[in-house]
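> Modelling step: build the complete structure from the supplied sequences, incorporating the hints.
For the record, the sequence lines run as chains A and B.
Letter by letter, the first sequence follows residues 1 to 105 of the working numbering.
Letter by letter, the second sequence follows residues 1 to 191 of the working numbering.
Hints in this document: simulated from the structure, not taken from any laboratory.
Every residue, glycine too, gets a C-beta built ideally from N, C-alpha and C.
One thing to keep in mind: the hints can contain errors.
To be verified - Below 35 Å or equal to it, Euclidean Cα-Cα: the simulated DSBU-like pairs (lysine-lysine) are:
1. A:33 with A:9
2. A:33 with B:3
3. B:3 with A:38
4. A:9 with A:38
Stated by the list, open to error - Coverage of chain A stretches by chain B, computed from C-beta distances (three or more under 8 Å per stretch; other residues unrestricted):
5. 19-29
6. 32-44
7. 67-73
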Amino acid sequence: MPRAANSSKQTRALLAELWAQPQAWRYGYDLTKSTGLKSGTLYPLLMRLRDQGLLEAEWRQATEPGRPPRHAYRLTREGAALAARLRSEPLAIPRLPSTRTVEIG
Amino acid sequence: MQKLFAAATRRIRAALPTLAPPHRRNWSEAMQREIDAAPDAAAALRYALGCLWVVAREGAVRLGSPAFAVQASLTAFTSGLSMVAVFTCGRMLLVGIHDDHRALLAAGSAVGALGLLYGLAAERLIRRRPRGLMVLAGAVILLAAGAALTVNPTNDRFLHALSLETLGTWAFVVTGALGSQLLTRHPSQDV
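Right, here's the structure in full:
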């Protein structure tokens, strides 16, 4: 059975993190620290969520003076709705394949 | 070690926009800024490696094409040859110096020069400079052809064999690069 879109553990973790502060703009490195996701996992998720219209992304002035702008992210209304829905749904645990008992002898 | 990490990170950081497909270039620049935000060299390198993986995969998915496959294979081929040649050159020079063996020193230098040329070819492939690659390949092929014609195969069997081998490998590189260019010009052929 195909898995529902955006239901992976990593996507849920990212959505939950962004949903915790829905109005705040978050940066990539900070998200890897707070979610525990590696950059190699985080960016494909961010790109996909952005492509699906669930995430806003824009260049924002860095908080540290003299630093160039950074790409920042926050959930769109649709993204926030999805995050809220996923938060209320339990994580689906894949069912193990049934085992067969074989009688010997 | 910190310096090594920082140097590797700088290389990867600089390569990200080049490797990223056009529709993801903005993201590769975003990754660059975040690499700068890492608190230390090791964390920056870990982050950069993850970004490199994403960009390379995005490139592969985007192009997903014979052109990309050819380009990537050629890059791997020339990089591999460069590393093998530089390693072999080092060994030959060490033994040559130790034994005061002039022929071995000459052969080692030739292999080392070839290693550098393969490295240059890989760099041009990564930076997508087909014209630069063709100029380089043309010069190497001319030199190798000249060497193959002038070096006496009985007296200097190694250099003769090396020049023939060089002709073969660079002809392969040129064919691959031309093929890749043709495929890029006909995106409809991309799968």
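> Each of the hints needs a verdict: does it hold here or not?
Consistency of the hints with the structure:
1. A:33 with A:9: Cα-Cα ~16 Å, so holds.
2. A:33 with B:3: 24 Å, holds
3. B:3 with A:38: 23 Å, holds
4. A:9 with A:38: Holds, at about 13 Å.
5. 19-29: Per the Cβ count (3), the hint holds.
6. 32-44: With 8 residues close enough to chain B, the hint holds.
7. 67-73: With 5 residues in contact (Cβ-Cβ under 8 Å with chain B), the coverage given for the segment 67-73 of chain A holds.
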